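Visitor: Work out the full structure: start from the sequences and follow the hints.
Protein chains in written order, with our numbering: chain A, 1 to 372; chain B, 1 to 372; chain C, 1 to 372; chain D, 1 to 372.
Honestly, I wouldn't trust all of these hints.
No copy labels: a pair is met if it fits in one copy or bridges any two.
Within a straight-line C-alpha distance of at most 20 Å, the following computed EDC-like cross-link-like pairs (lysine to aspartate or glutamate) qualify [what the hints assert, rightly or not]:
{"hint": "1", "residue 1": "Lys109", "residue 2": "Glu175"}
{"hint": "2", "residue 1": "Lys109", "residue 2": "Glu291"}
{"hint": "3", "residue 1": "Lys109", "residue 2": "Glu68"}
{"hint": "4", "residue 1": "Lys34", "residue 2": "Glu346"}
{"hint": "5", "residue 1": "Lys109", "residue 2": "Asp276"}
{"hint": "6", "residue 1": "Lys109", "residue 2": "Glu323"}
{"hint": "7", "residue 1": "Lys109", "residue 2": "Glu235"}
{"hint": "8", "residue 1": "Lys34", "residue 2": "Asp74"}
{"hint": "9", "residue 1": "Lys109", "residue 2": "Glu265"}
{"hint": "10", "residue 1": "Lys109", "residue 2": "Asp2"}
Hints listed in this document are in silico derivations from the structure and should not be mistaken for laboratory results. Owing to the predicted nature of the structure, the values given are computational and were not obtained by experimental measurement.
4 protein chains.
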Amino acid sequence: MDTAAAAVIPRPGAPIEIRRYSLPALEPGSVLLKVLASEVCGTDVHLWHGRLDGVPYPLIPGHVSVGEVVDLRDPVADVEGQPIRVGDRVTFLDVHRTCHRCWYCLVAKASTRCPHRRVYGITYGAEEAPGLAGGWAEYLYLRPDTRILPLAPGVSPDIWIGGGCGLTTAVHAIELAGIRLGDRVLIQGSGPVGLSACALALLSGAGWVGVIGAPELRLQAAQRIGADWTLNVLETTPEERVRAVRNACAGRGPDIVIEASGNPEAIREGCAMARDAGRYVIVGQYTDNGEVTLNPHHLINRKHLEIRGCWGSDFSHVYRAMEILARFDQRIQWSSLITRRYSLQEASTALADVEARHAVKAVIQPHPDQGS
Amino acid sequence: MDTAAAAVIPRPGAPIEIRRYSLPALEPGSVLLKVLASEVCGTDVHLWHGRLDGVPYPLIPGHVSVGEVVDLRDPVADVEGQPIRVGDRVTFLDVHRTCHRCWYCLVAKASTRCPHRRVYGITYGAEEAPGLAGGWAEYLYLRPDTRILPLAPGVSPDIWIGGGCGLTTAVHAIELAGIRLGDRVLIQGSGPVGLSACALALLSGAGWVGVIGAPELRLQAAQRIGADWTLNVLETTPEERVRAVRNACAGRGPDIVIEASGNPEAIREGCAMARDAGRYVIVGQYTDNGEVTLNPHHLINRKHLEIRGCWGSDFSHVYRAMEILARFDQRIQWSSLITRRYSLQEASTALADVEARHAVKAVIQPHPDQGS
Amino acid sequence: MDTAAAAVIPRPGAPIEIRRYSLPALEPGSVLLKVLASEVCGTDVHLWHGRLDGVPYPLIPGHVSVGEVVDLRDPVADVEGQPIRVGDRVTFLDVHRTCHRCWYCLVAKASTRCPHRRVYGITYGAEEAPGLAGGWAEYLYLRPDTRILPLAPGVSPDIWIGGGCGLTTAVHAIELAGIRLGDRVLIQGSGPVGLSACALALLSGAGWVGVIGAPELRLQAAQRIGADWTLNVLETTPEERVRAVRNACAGRGPDIVIEASGNPEAIREGCAMARDAGRYVIVGQYTDNGEVTLNPHHLINRKHLEIRGCWGSDFSHVYRAMEILARFDQRIQWSSLITRRYSLQEASTALADVEARHAVKAVIQPHPDQGS
Amino acid sequence: MDTAAAAVIPRPGAPIEIRRYSLPALEPGSVLLKVLASEVCGTDVHLWHGRLDGVPYPLIPGHVSVGEVVDLRDPVADVEGQPIRVGDRVTFLDVHRTCHRCWYCLVAKASTRCPHRRVYGITYGAEEAPGLAGGWAEYLYLRPDTRILPLAPGVSPDIWIGGGCGLTTAVHAIELAGIRLGDRVLIQGSGPVGLSACALALLSGAGWVGVIGAPELRLQAAQRIGADWTLNVLETTPEERVRAVRNACAGRGPDIVIEASGNPEAIREGCAMARDAGRYVIVGQYTDNGEVTLNPHHLINRKHLEIRGCWGSDFSHVYRAMEILARFDQRIQWSSLITRRYSLQEASTALADVEARHAVKAVIQPHPDQGS
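Guide: Following this line, the structure appears as structure tokens:
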């Protein structure tokens with residue numbers, strides 16, 4: 001083994017190609033992973049269409065991945081100081097090189113806004129040395145200082161990827177939501193972030209959790225997870241949705257609304273749904289999908305509404321996601337969100353399925369014979 | 001004395017009339033005030049034009065007032081349990097009958113959203129018994145359970161009214177702003193709320209306070225109070241303002257922005273000005289001035305922005321306003337915000353002056369010979 | 001029916017007596033309840049022994065009770081504004097006459113410290129008109145302005161009393177604890193407050209919940225509720241307990257410790273157990289059980305520990321307790337904490353059983369034939 | 001210049017010696033400072049007496065220092081990304097090597113508890129290569145990754161050291177105190193931390209600030225800074241102090257108490273002084289001075305008191321301290337807290353003066369001819 005196959009986006013809009021890359025020589029503190037599973041998430045569809053700025057094509061996508069350590073150069077330890085060893089099954093924080101030196105890291109303590117951060121599978125080009133920086137490949141090279149997390153006992157690669165990027169993002173959103181026991185929580189959106197937010201709201205002791213989304217496949221997933229109430233966004237008007245949600249919540253509306261839809265228009269609805277003096281977490285506007293028009297007197301000021309924009313996640317969210325999966329996956333069964341598994345060669349199909357929402361969650365398995 | 005003259009808005013848009021009303025018979029717990037000063041605030045202009053819903057005309061305006069106690073029926077005490085006595089100079093929370101029984105009062109602890117609250121000078125009609133429920137009158141009848149606050153030593157009626165409704169509102173907004181020592185704070189708007197927010201940000205130890213507003217008269221008031229930086233909104237484009245503010249704040253923008261402009265368009269600018277992971281308090285959208293269009297990806301989500309809508313004030317804000325005036329008025333000189341004093345007969349002129357922004361702050365003095 | 005039997009503590013230390021009292025004439029806003037169940041809690045044992053200051057004997061104990069409305073004088077409504085009707089099964093906030101006028105209510109917003117508050121079953125003497133102000137009686141008279149809460153569908157009197165005073169107190173403590181998904185939580189004490197805190201920590205998504213207490217009966221209850229770990233306080237030394245807890249929590253200690261033991265010595269242990277930069281909620285020191293000696297350098301300062309003292313509860317906690325029971329009782333089965341039911345005549349036995357910890361929870365049923 | 005003189009503590013209790021060390025060869029990212037001023041703080045007295053565990057003697061003390069950059073190896077930048085240059089006057093965060101990899105750094109986000117942190121002047125022995133790691137020396141070697149902060153315009157070395165360790169610690173304590181405009185704040189202790197906490201409370205808009213301490217010299221400094229009230233701890237009993245403070249604060253006690261005394265007994269008093277539902281920040285127990293005995297029922301639980309232990313400071317506190325000095329030093333005049341300047345040869349005298357409290361603040365100037 002001295003080369004690795006990878007699925008590559010050559011340039012925005014072009015078909016995925018399989019290319020082979022040499023395995024890098026390991027630097028001290030680096031790790032070589034045999035990729036067991038890598039997520040296909042909505043961001044990858046955006047990357048395919050070139051909707052994110054500053055992405056260096058050609059690109060090996062795959063920011064959330066699980067692998068088996070096949071080689072490493074000391075010292076490499078986890079957050080508890082335990083050495084990582086060959087054979088360990090691990091995941092890692094895809095956000096890399098948060099600098100711990102800049103104003104955002106040190107003064108604002110908002111490391112998700114660190115301008116020096118890089119992201120595996122998104123901001124490292126396929127040809128940037130030392131290479132193999134995306135998960136849609138047989139092998140993945142983790143550079144020194146990558147924050148590595150072993151899979152907890154009972155958490156299989158499938159379970160981790162079933163949660164995936166959506167779960168860690170939802171962990172951050174739930175932290176901002178500040179749910180108290182008995183709160184009513186409404187989730188806008190039934191994609192991976194929305195479904196994980198639904199699960200986490202339930203696990204946080206919400207008194208009622210509703211989900212608005214589509215298609216039915218995803219709303220059924222929400223119900224299976226335990227949602228108290230679902231509504232199909234394709235079969236209702238905004239006015240009907242606002243009325244239905246408020247009626248379902250004592251006529252006042254939910255204590256907390258979490259936007260995970262990606263649709264700017266959802267924001268006007270979400271403000272209208274939340275009860276007075278409630279809280280609204282906006283986590284779904286990850287890409288630029290345009291503008292929204294709203295009346296600030298009625299929807300923000302007079303409502304005494306608190307709105308919290310949520311961007312990205314840091315290691316604490318990845319760590320908590322692992323704890324949550326270890327404890328609660330038996331109840332939520334995140335791996336059931338995986339609709340289908342794909343080989344590297346099927347990466348284009350995987351992207352098309354995610355884009356068409358045929359899949360709740362798609363997974364690339366570069367070594368299809370490897371159990372998960 | 002058994003009747004009192006009052007300035008009355010007979011119906012939306014009609015000229016102010018002077019009418020006389022009988023003094024009510026006092027119920028237990030009530031107080032009769034000889035009005036020394038009553039504020040003319042922007043809300044009164046809205047009331048004149050009929051822009052607020054559900055207001056019972058004819059109406060005696062005047063929600064923030066100072067008076068001398070001329071009669072009372074026991075028991076009437078202040079928040080410390082000290083009895084109120086004839087001769088005391090007092091003010092009071094204009095919001096009345098917050099119920100302490102409803103879901104908003106007891107569970108959400110958001111008493112400014114209590115549906116049972118009434119407001120002196122706004123929601124009590126002139127002909128609703130027992131009457132005299134607005135401050136633009138020779139006498140004002142405070143019903144039982146009104147929260148009364150004696151003027152602190154050194155706080156004259158002029159000083160209290162110089163702060164007035166804008167100060168108590170700004171106290172609430174500053175509470176939501178959560179300023180830390182050294183934070184950069186930008187205020188949008190230079191009316192009474194904006195100027196008081198500027199003063200309170202300075203008193204809170206902000207490292208830099210900027211004010212955007214108009215006309216020059218008000219920006220000069222901001223400078224006199226101590227603003228580090230002002231910008232005339234009438235002489236700049238939105239893009240220029242955003243750029244100027246960010247440049248003035250390390251290229252990143254202010255840690256905290258407080259909107260006190262009443263202009264929906266200001267909100268898009270305010271979001272753009274705030275630094276990433278900053279905070280934005282929206283307090284100025286007291287009436288419906290229309291909609292704003294904004295891009296939630298760029299302005300909320302990606303910025304990791306926190307937005308806090310602020311509605312009204314409760315007794316704690318009135319109480320803190322008094323403490324602030326007692327301690328800091330010598331430095332800020334709130335009474336200097338009073339541009340002109342008006343008799344009851346001049347109430348129409350006062351409203352016109354406030355509407356034309358000829359006055360920073362206008363005051364009705366029903367007994368013009370009474371010093372303040 | 002014009003008199004009601006009641007169990008009365010004639011004076012501290014004296015045996016309980018059964019006395020009969022006339023039913024009061026109803027004032028507007030008052031309610032007469034036929035008592036279905038009233039809790040015997042640890043506080044009642046303290047009252048029996050005269051350990052609380054300022055209690056007016058003779059006293060009808062019973063601060064947490066459920067009853068059926070048999071008479072009322074309008075207007076009486078619940079927190080949603082819905083009228084209370086004859087035949088409704090209701091409970092109520094035992095804390096009465098929180099004044100909404102004093103500095104603690106209005107400025108500090110700390111109504112549990114309102115000096116005017118009175119408490120059914122504790123601060124109203126049996127002979128203070130209009131009487132029947134404790135739950136250990138056939139009938140209970142709820143004065144005007146008592147905050148009344150109907151039992152939610154599915155919440156029987158047994159379920160409510162199974163939660164009882166301990167649950168509402170635990171709701172307050174959990175609010176102060178600020179548990180995040182995956183946090184490790186250690187509870188000191190396995191009485192009604194500790195067991196409910198254990199349940200609520202689990203429902204809040206804690207990643208691990210441990211309980212230290214005694215006797216075994218109660219630790220078994222904790223295990224049945226879902227505690228991950230229990231330790232018998234009677235069979236271990238303080239050093240062993242600290243070591244065992246830290247070992248069970250990654251060697252660092254729990255993120256959050258909740259003291260619900262009533263033993264001052266527990267506080268030194270709790271500080272030592274909590275992880276650095278953790279949080280410690282002290283809710284169990286309801287009566288004066290003496291002092292504790294601790295080293296503030298090691299246990300507070302150097303640990304960067306946050307400690308939150310928790311006193312009493314307000315209506316929001318009662319309301320949330322009801323929501324929690326309606327949603328989660330099927331999982332937790334609070335009514336299973338009821339060890340035994342007692343008639344009014346058996347009140348002394350009930351107190352003795354609680355004092356001897358033979359009962360996790362004892363209930364007085366003044367009408368033993370009434371199902372619960 | 002190829003050696004530097006340094007004042008060295010050879011071993012606990014031994015007299016300070018002047019020793020000479022070779023200047024280290026610069027690694028990439030390192031900086032050589034000519035020391036202009038280095039603080040003598042209470043911690044240095046503790047170091048002299050061997051009261052801190054794990055300190056590697058011989059030791060060059062001096063953790064808070066200002067110097068002029070005389071050499072560096074790129075890249076070295078400040079928090080804004082601006083390169084540091086030869087000739088710059090800078091200070092730095094004495095806490096070094098916070099790891100950004102461990103559980104405390106990444107999950108708890110409590111970097112002051114990072115077990116890998118090292119501290120200039122405290123945990124680096126004089127003989128640990130590359131050496132010169134304390135400020136009581138002609139030259140100071142800043143290792144790679146030290147967080148360096150240029151002095152802001154108008155902030156002289158004297159002003160920075162006048163604030164010094166006490167100011168950055170107080171910035172952290174004030175952050176935890178969460179002062180709101182008009183709050184009453186009581187400071188226990190009038191050393192450098194207490195005096196800076198007094199200044200910061202005033203700058204935060206406190207409505208009243210009191211200081212309890214000794215000797216008179218320090219209380220006079222508090223008064224000059226603007227304290228509203230001072231009390232000599234040596235001339236009063238604990239009961240008198242508690243009564244006097246409560247009387248000075250509306251009979252209720254301060255909203256916030258900040259302990260900066262270092263005396264364990266102060267904690268019982270501070271709990272007793274704080275108003276019900278108030279907040280207590282404990283920052284002064286930096287070394288182990290023994291235990292305190294207190295009654296948790298009366299002093300924590302029933303008071304509904306919140307206690308926040310405060311340990312160390314991070315870069316954000318150093319950064320804010322600089323912003324505060326740049327803006328507010330003209331008002332507070334921190335440099336006036338410097339009682340006397342000492343040469344390296346006078347280091348023993350400096351320690352003796354600080355220990356005897358003859359000096360509020362003592363400064364070592366290794367190059368006495370260098371203006372400050």
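Visitor: Determine for every hint whether it applies to the structure shown.
Guide: Against the structure, the hints come out as follows:
1. Lys109 x Glu175: Both ways: Lys109 and Glu175 sit 16 Å apart in one copy and 14 Å across, limit 20 Å.
2. Lys109 x Glu291: This pair counts as neither: shortest intra-copy Cα distance 29 Å, inter-copy 33 Å.
3. Lys109 x Glu68: neither (32 Å within a copy, 28 Å between copies)
4. Lys34 x Glu346: within (19 Å within a copy, 63 Å between copies)
5. Lys109 x Asp276: This pair counts as between: shortest inter-copy Cα distance 11 Å, intra-copy 30 Å.
6. Lys109 x Glu323: between (23 Å within a copy, 17 Å between copies)
7. Lys109 x Glu235: neither (43 Å within a copy, 36 Å between copies)
8. Lys34 x Asp74: For Lys34 and Asp74, the Cα distance is within 20 Å only inside one copy (18 Å; across copies 37 Å).
9. Lys109 x Glu265: Cα proximity of Lys109 and Glu265: none, with 31 Å in one copy and 30 Å across.
10. Lys109 x Asp2: neither (41 Å within a copy, 40 Å between copies)
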